[in-house]
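**Student:** If you follow the hints, you should be able to join the two separate chains into one complex; please do so.
Chains as they are written, first to last, in my numbering: chain C, 32 to 148; chain Z, 18 to 128.
The hints are simulated quantities; they were obtained by calculation from the structure and are not laboratory data. Note that CB positions come from ideal geometry on N, CA and C, so glycine has one too. Some hints could be false.
[Claimed, not checked] With a cut-off of at most 20 angstroms between alpha-carbon atoms, the simulated SDA-like pairs for lysine to any residue come out as follows: (1) Z:K71 to C:E89; (2) C:K72 to C:G129; (3) Z:K120 to C:Q68; (4) C:K50 to C:Q37; (5) Z:K115 to C:G129; (6) C:K72 to Z:N55; (7) Z:K115 to Z:S68; (8) C:K69 to Z:S68; (9) Z:K115 to C:Q68.
[Said to hold, decoys possible] Only some residues are given here: those of chain C computed to face chain Z with a beta carbon under 7 angstroms: (10) T36; (11) P73; (12) P74; (13) P92; (14) L119; (15) L128; (16) L130; (17) D135; (18) F139; (19) P141; (20) G142.
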Amino acid sequence: DTEVTQTPKHLVMGMTNKKSLKCEQHMGHRAMYWYKQKAKKPPELMFVYSYEKLSINESVPSRFSPECPNSSLLNLHLHALQPEDSALYLCASSQDLGLAGGRDTQYFGPGTRLTVL
Amino acid sequence: GIQVEQSPPDLILQEGANSTLRCNFSDSVNNLQWFHQNPWGQLINLFYIPSGTKQNGRLSATTVATERYSLLYISSSQTTDSGVYFCAIGGSGGSNYKLTFGKGTLLTVNP
Chain C
32 DTEVTQTPKH LVMGMTNKKS LKCEQHMGHR AMYWYKQKAK KPPELMFVYS
82 YEKLSINESV PSRFSPECPN SSLLNLHLHA LQPEDSALYL CASSQDLGLA
132 GGRDTQYFGP GTRLTVL
Chain Z
18 GIQVEQSPPD LILQEGANST LRCNFSDSVN NLQWFHQNPW GQLINLFYIP
68 SGTKQNGRLS ATTVATERYS LLYISSSQTT DSGVYFCAIG GSGGSNYKLT
118 FGKGTLLTVN P
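Isolated chain Z, as found in the complex (with noise of 0.2 angstroms):
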């Protein structure tokens, strides 16, 4: 099946700064989503991105599908920014809807 790897593992900012988070895949894709995972567990939509570049607010992503990654920014981070940041990415030949998740990327945001 498709290998998703997300880096880094652990990230830890001041409030206010900017960070990038990767997600490398093993095969063509159909279907590519961000999400954060709250401390609560809630896992929340942040962009759905098989290709190109979207932006809200302070959180931007761009999928680059021919050289298999993506990559979401965050801009002047806040403390509520922290948890895990999940890519999930569903494959081709009908699989797109069977999402396969990264480790994810834990962030912590001091004050």
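Just chain C, with the same shape it has in the complex (with noise of 0.2 angstroms):
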């Protein structure tokens, strides 16, 4: 089974709001990573955590705050959002960041639509 789940589908917030975006995965993968896409634009690396400790922040503004509460999950909080957040947020998984047999293969959930207004 290669499934990540997200929630919520779509989400719509105000700038004041406070919100958090779940990832699931099952496959007992080590490595999580984020990634943001605009419309008609490719994916774009955000965060990645490996073992539960965040490995990689792609300079991304402190209103977006990651969590990985244990090995399968992974949290994006979100806090006073810019209309320019609205966008596609990705979650990915990977066995873990390693080479050999292509460990480092990522699958991804089928996104949360969000839309700040």
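**Tutor:** Here is the structure:
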């Protein structure tokens, strides 16, 4: 099973709201990722977690706060977002960050479409 | 960082036709994945292919790492093949998992 799930599917929030996006995988993967995708653009990496520790933050503004409570779950906490943050937020996972045997193959969830009013 | 170029940007086919999508990249790679993004936004893994050739049903892919390109072949296309096809690259030097996506090829298959 190569399934990554994300909730909610759609989210509308105001600029003063606090909300969270959730991602879950049960493949035993130890690396998890957040990507942001604007309309008609490719996905862009935001964060990488490896063994529940933050490995990469691609200079993402602090209004986005990731959290990895355990090896199966990844959250993205949102606060004081701007309308330009409206996008599709994609979560992915891989076995780990290593190379051998394609352990770095990434599997994506269906995404959360976020609209900031 | 690594540069990824995909061609063509748009492709319109009649059902049953074959097609070839190309991905050129600027540096050596340790991770190369082809994805299909359906109209609902789901990114579906097609191939993990940093080198060599793989086939899965009507789809096949070839990566020639020494010449820095990868090809995705779609045979006997169906309307459900419509969507955006992305090539994503992870480089060498410990950055294999930091995928850089090309701009994609938008494929439309008409009945």
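**Student:** State for each hint whether it applies.
**Tutor:** Hint-by-hint comparison with the structure:
{"no.": "1", "hint": "Z:K71 to C:E89", "result": "violated, 32 angstroms"}
{"no.": "2", "hint": "C:K72 to C:G129", "result": "violated, 28 angstroms"}
{"no.": "3", "hint": "Z:K120 to C:Q68", "result": "holds, 11 angstroms"}
{"no.": "4", "hint": "C:K50 to C:Q37", "result": "holds, 14 angstroms"}
{"no.": "5", "hint": "Z:K115 to C:G129", "result": "holds, 12 angstroms"}
{"no.": "6", "hint": "C:K72 to Z:N55", "result": "holds, 14 angstroms"}
{"no.": "7", "hint": "Z:K115 to Z:S68", "result": "holds, 18 angstroms"}
{"no.": "8", "hint": "C:K69 to Z:S68", "result": "violated, 30 angstroms"}
{"no.": "9", "hint": "Z:K115 to C:Q68", "result": "holds, 15 angstroms"}
{"no.": "10", "hint": "T36", "result": "violated, 12 angstroms"}
{"no.": "11", "hint": "P73", "result": "holds, 3 angstroms"}
{"no.": "12", "hint": "P74", "result": "holds, 6 angstroms"}
{"no.": "13", "hint": "P92", "result": "violated, 19 angstroms"}
{"no.": "14", "hint": "L119", "result": "holds, 5 angstroms"}
{"no.": "15", "hint": "L128", "result": "holds, 5 angstroms"}
{"no.": "16", "hint": "L130", "result": "holds, 6 angstroms"}
{"no.": "17", "hint": "D135", "result": "holds, 5 angstroms"}
{"no.": "18", "hint": "F139", "result": "holds, 4 angstroms"}
{"no.": "19", "hint": "P141", "result": "holds, 5 angstroms"}
{"no.": "20", "hint": "G142", "result": "holds, 5 angstroms"}
Checked against the numbered hints given earlier, this structure breaks hints 1, 2, 8, 10, 13; the rest are met.
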